[in-house]
Amino acid sequence: MVQWSAEEKQLITSIWGRINVEEVGGDALARLLIVYPWTQRFFSNFGNLSSPTAIINNPKVRAHGKKVLTSFGDAVKNLDNVKGTFAKLSELHCDKLHVDPENFRLLGDILNIVLAANLGKEFTPSCQATWQKLVGVVAHALARKYH
Amino acid sequence: MVLSMEDKSNVKAIWGKASGHLEEYGAEALERMFCAYPQTKIYFPHFDMSHNSAQIRAHGKKVFSALHEAVNHIDDLPGALCRLSELHAHSLRVDPVNFKFLAHCVLVVFAIHHPSALSPEIHASLDKFLCAVSAVLTSKYR
Numbered sequence: 001m002v003q004w005s006a007e008e009k010q011l012i013t014s015i016w017g018r019i020n021v022e023e024v025g026g027d028a029l030a031r032l033l034i035v036y037p038w039t040q041r042f043f044s045n046f047g048n049l050s051s052p053t054a055i056i057n058n059p060k061v062r063a064h065g066k067k068v069l070t071s072f073g074d075a076v077k078n079l080d081n082v083k084g085t086f087a088k089l090s091e092l093h094c095d096k097l098h099v100d101p102e103n104f105r106l107l108g109d110i111l112n113i114v115l116a117a118n119l120g121k122e123f124t125p126s127c128q129a130t131w132q133k134l135v136g137v138v139a140h141a142l143a144r145k146y147h
Numbered sequence: 001m002v003l004s005m006e007d008k009s010n011v012k013a014i015w016g017k018a019s020g021h022l023e024e025y026g027a028e029a030l031e032r033m034f035c036a037y038p039q040t041k042i043y044f045p046h047f048d049m050s051h052n053s054a055q056i057r058a059h060g061k062k063v064f065s066a067l068h069e070a071v072n073h074i075d076d077l078p079g080a081l082c083r084l085s086e087l088h089a090h091s092l093r094v095d096p097v098n099f100k101f102l103a104h105c106v107l108v109v110f111a112i113h114h115p116s117a118l119s120p121e122i123h124a125s126l127d128k129f130l131c132a133v134s135a136v137l138t139s140k141y142r
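Residue numbers (the working numbering), protein chains in the order written: chain A, 1 to 147; chain B, 1 to 142.
One or more of the hints may lead you astray.
[Said to hold, decoys possible] Calculated pairs, DSBU-like style, for lysine-lysine (alpha carbon to alpha carbon, straight line, at most 30 Å):
id, chain 1, residue 1, chain 2, residue 2
1, A, 121, B, 61
2, A, 60, B, 128
3, B, 62, B, 41
[Claimed, not checked] If you want the ones that stay clear, here's a sample from chain B, every Cβ over 10 Å from chain A, calculated:
id, residue
4, 4
5, 8
6, 9
7, 22
8, 41
9, 42
10, 44
11, 55
12, 82
13, 87
14, 136
15, 142
Rather than coming from a laboratory, the hints here were simulated on the basis of the structure.
The structure displayed is predicted, hence computed values, not measured ones.
For glycine and all other residues, C-beta sits at the position ideal for the given N, C-alpha and C.
Next comes chain B alone, as it looks inside the complex (with noise of 0.2 Å):
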């Protein structure tokens, strides 16, 4: 899967809604997969997992920070993306399918906070660059 040139101007346009939001779109999407894949709760065990809590907010603006830097070098992924592939490899080691619920919940963000900027075009490369992430940071689990 390959983001053509119209994939990255699209990605870039679409991100640019979350600007300015990152925390508040990051701890959402966190929040809708933990309620939608409760599985997913397994992976922090330590949260305080009430609404809004201190801690879902901190690390939903790192997921969401890290996306946005993704974005600014989306032409090299792998580069951008190496430190935190390392890590989800060596230390942290989430099973692979738990990026798709994630990406999943991020789409549902979107959506719900800027529908008519979510066009199916739109969709389509914001999906495929999340599963872009998502292959990236898996790529040296084995």
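This is chain A alone, in the form it adopts within the complex (with noise of 0.2 Å):
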């Protein structure tokens, strides 16, 4: 099982509860189909992806990534018990979605960039150092149930 510090615990509900979840969840999207744009492979009905502007502005991608960050808070709501709260999505994401999991590591690093950009010197190295324990740790989580 993870083992969360007091610090480390402290160091991710901070955080959590300072991020707009809407636009953080949105850029860091964005950002994952623009600099990977392999990623863009599980997204064909989302309708204009054509140019990096264009992924910003898509109404879909924004939603989505909204989304996605939503769920992330549940692994910060349940910091003790991540792999359980994923383990419905991670079958969802193999046996429905069949994602690849390094889209989940590559994610996660974008997220990082995302919340280093949203909040400066605050995110110090090891505000960064912690939240990169947390993704991995939620990346993991969502690979679990691969078959």
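Make one complex out of these two single chains by using the hints.
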């Protein structure tokens, strides 16, 4: 089981409380699709993804980014049972969505960059380390039910 | 992965923000890497790892100065990084996975200091550039 120190939990919940989930989620997903264009393969029904501008302004991208990050919030609220929290989602991503788990790691890294851009120096090295651990734990939980 | 004309111009634009801060940003990227990926410290057993240590600052300056050279010779990365490729292959032998960790921390440093300059397009180009540099530095490993 993942162990979180009191300091780590504090860093996670305090940062989470300060971010605009809709904005950060939308930015993170848009950046994923722009920086790693092969990830667009999962969103062929999202309409216009033909340029970075199109992606950034695409309402489906923004909505889906919000949905993904909102779901990420479930991990924040259940730090002591991230695996259990994401068991069903893991099955979904494997059986129905057919998403390569590497994408969870890519999105996790992008999320950290977006947090850094939003928080500036407040995203200290130990803050970053804690959030790198969190995105790794989430990625692992989402990949856990793959078969 | 090939750098387009636009990628090269994006990299030069964002890299310009680092001029005058090579030591500061280099040290910060290293410190973040050592903090988020503690296994990377094994390559520096002799380092004083305290915040802002002279060794971290000196090494950060070295790394960012090398990246600066790479940006200035972006049309010929293998040529510009030839000596460093040899060094990493035969002497340093840093496992290839670690270049990704440092590259990520370089991006985080730019995001923190220049959030509005690191647009998604610039972010993509800088990420590609750092991948290209990593590929050159590991190209002689085997």
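Structure-based check of all given hints:
Annotation: proposed proximity of residue 121 of chain A to residue 61 of chain B holds, straight-line Cα distance about 20 Å (limit 30 Å). Between the alpha carbons of residue 60 of chain A and residue 128 of chain B the distance comes to roughly 26 Å, so the proposed pair stays at or under 30 Å and holds. The suggested pairing of residue 62 of chain B with residue 41 of chain B holds, with an alpha-carbon distance near 17 Å, which does not exceed 30 Å. Consistency note on residue 4 of chain B: stated as away from chain A, and its beta-carbon is indeed over 10 Å from all of that chain's, at 13 Å minimum.
At the 10 Å boundary, the C-beta of residue 8 of chain B stays outside the reach of chain A, the nearest C-beta of that chain being 17 Å off. The non-interface label for residue 9 of chain B is consistent with chain A: the shortest C-beta to C-beta separation is roughly 15 Å, beyond 10 Å. Non-interface call for residue 22 of chain B relative to chain A: holds, since the shortest CB-CB distance, roughly 19 Å, exceeds 10 Å. Once the 10 Å rule is applied to beta carbons, residue 41 of chain B is consistent with being away from chain A; the minimum gap is 12 Å.
The beta carbon of residue 42 of chain B is kept farther than 10 Å from every beta carbon of chain A, the shortest such distance being approximately 17 Å. Every Cβ of chain A is farther than 10 Å from the Cβ of residue 44 of chain B; the closest lies at roughly 16 Å, confirming the non-interface assignment. With a closest Cβ-Cβ approach of about 16 Å to chain A, residue 55 of chain B is found to remain outside the 10 Å limit, as its non-interface label requires. Its beta-carbon lying about 28 Å from the closest one in chain A, residue 82 of chain B satisfies the requirement of being farther than 10 Å from that chain.
Residue 87 of chain B, annotated as away from the interface, keeps every beta carbon of chain A farther than 10 Å; the closest lies near 27 Å. The non-interface label for residue 136 of chain B is consistent with chain A: the shortest C-beta to C-beta separation is roughly 20 Å, beyond 10 Å. At roughly 24 Å from the closest C-beta of chain A, the C-beta of residue 142 of chain B stays outside 10 Å, upholding its exclusion from the interface.
Checked against the numbered hints given earlier, this structure breaks none of them.
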